[in-house]
Amino acid sequence: MTKKIELGICCGTNCFILGGSDLLTIEEFLPDHLKKIVNVKGISCAGYCKHEEQGKAPYVLVNGKVIESANINKVIQYINNLVEQDKNDLTKKEG
Amino acid sequence: MLVLDNAATYIRRELAAKLLKLFFEDRLEAEIDRIPIEMYPRKSKAIRCCNYKDRAITRYRIMALLGMSLEEEDDEIATMASFTKTILKRKKVKEPVLTVIDEACSACVKINYVVTDICRACVARPCENNCPKNAITVTDQAKIDQQTCVNCGICKNVCPYNAIAYVPVPCEEQCPVDAISKDESGREVIDYTKCIYCGKCTRACPFGAIMERSQIFDVAKHIKANKEIIAMVAPSIIGQFPGSPEQLSAGLKLLGFTHVLEVAEGADITAKNEAAEFIEKMAEGEKMLGTSCCPAYTEAVKKHAQEFEPFVSHTKTPMSFTADIAATKYPKAIKLFIGPCIAKKFEGLYDPNVDYVLTYEELGAFFMAKDIDLNEIEADNFDNSASPFGRGFGVAHGVTAAVKAALPEGTDVTPVMIDGLTKKGVRTLKAYGKGKAPGNLIEVMSCEGGCINGPGIVCNPKISARKLNKYLEE
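The listed protein sequences correspond, in order, to chains G and Z.
Numbering of the first sequence is given in my numbering, commencing with residue 240 and proceeding in unit increments.
Numbering of the second sequence is given in my numbering, commencing with residue 6 and proceeding in unit increments.
Only chain G is shown next, with the shape it has when bound in the complex (with noise of 0.2 Å):
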């Protein structure tokens, strides 16, 4: 059983309008294999915008790792490695 992701998404003023409000609209885009274990919350600013060198707005945290300008297509596919790589270590324990 993988265990669960928690999906933070920036909805400080600059990432909710550089597409942090569509990045909210990502659940109905995930598939039924994440639906499950993919915990989707609004967070408040954690400043990351202020750096420039980190990136670019909009921002998400995946399990405390943050994503620069993220896109739903972006973060299901960070969050699909994630869930693989979890899987590879399991087996990799069994064997």
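One thing to keep in mind: the hints can contain errors.
[Claimed, not checked] Computed cross-link-like contacts, EDC-like style, restricted to lysine to aspartate or glutamate with a CA-CA straight-line distance of at most 20 Å: (1) G:289 with Z:43; (2) G:289 with Z:381; (3) Z:48 with G:291; (4) G:289 with Z:282; (5) Z:258 with Z:378; (6) G:280 with Z:378.
If you are wondering where the hints come from, they were derived from the structure by calculation, not from laboratory data.
Let chain G serve as the given structure and place chain Z on it in line with the hints.
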């Protein structure tokens, strides 16, 4: 439906925020000419053919954000710094509300049908045989003669291989009234005798070549001068921004607006008057009453569906009623309407009580420029209040619900809605005008789903609708 979640949208929003930030920090004149180069430095990856073209177009984009009409540009050497001086002296906003960046227009296809590599130059050749203009010849593949083709599309329909593709011109496709078309050079021009200012073309163009002439600087200069400004916010603003509606009101005051009025109060008055007008019209034996609050639709009636004109309600719009209230309460103040709408920019030009009109997108640029985090600020109330019906005006069927609620019980009313003024919607409107309406109370919204899906929104309509409905239930 328009999809606003794209790079052209975000470039526009970021650029507006950047300009305003520079202005509030007194650096606009000194730094404005650096912006295009900073955005596209010499060794960065170009979006268009080269960085120099990207820069040139950024200049034009900035001019539109300064509120200029690019069609009137007469000095290509003038610095943008010199433009800022001129626009900050501007007293009145003028028509037209839109402008085309001809350099950005990619001059999309003139003929919408293209033969693809799927074509096998078959023996049957139905394309060639069925073309009414003999515009198709087949050698290795079918070829459409650009001069003779009339875009009828028969070739596409008859091809057994689906080898002929329909390539739309997005702005022309979205324009409900055929007001935008190519000039001799292939670039798009707007015919303002036909345009209804719905703004669909501005958001449809994948090159962002059509822009509204912004009034952000007309407003910003008054903010900087600490003038008394009344912000009148359209009902659909609930749900547009992060935070609660009361935090939004507080945010508007932090920006420098003296009072914040909900246009929903004006919407309540519109609904009440429209209900009274409905009863009167029905008693006179009229067939129906059309709503009056959507300016793109009322303009479409004037220019393209005169058959429907006798049925349009004479009741003023919620913006207009609210501006009346503001003018009585704050006679000396500057009055600003903020909504999701480009057509309101046109309506505002002719309303004596409305000085400026901004979209939510433009308001968002102010919040970004002033670094106001709406989630984190103390709430503050609006300076007026309204019923849930007035607040629901910006969602399709909301106007109908409000008018119905204002009618006495038992009134014989059959509501019908034209939800989205597309090319088909305009034809429907004409048909209704000829007496073919399947009801007697006709609500028309230029934007599908209502104002919450307008060209000037910042929030995904699904999210804002959810927030708005939740607020109305409370």
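Okay, the hints, checked on the actual structure:
1. G:289 with Z:43: Holds. Residue 289 of chain G to residue 43 of chain Z sits at ~18 Å (cutoff 20 Å).
2. G:289 with Z:381: Roughly 16 Å between the alpha carbons, so the hint for residue 289 of chain G and residue 381 of chain Z holds.
3. Z:48 with G:291: Holds: residue 48 of chain Z and residue 291 of chain G sit about 19 Å apart, inside 20 Å.
4. G:289 with Z:282: This hinted pair is violated, its Cα atoms lying about 54 Å apart.
5. Z:258 with Z:378: Roughly 13 Å between the alpha carbons, so the hint for residue 258 of chain Z and residue 378 of chain Z holds.
6. G:280 with Z:378: Cα-Cα ~18 Å, so holds.
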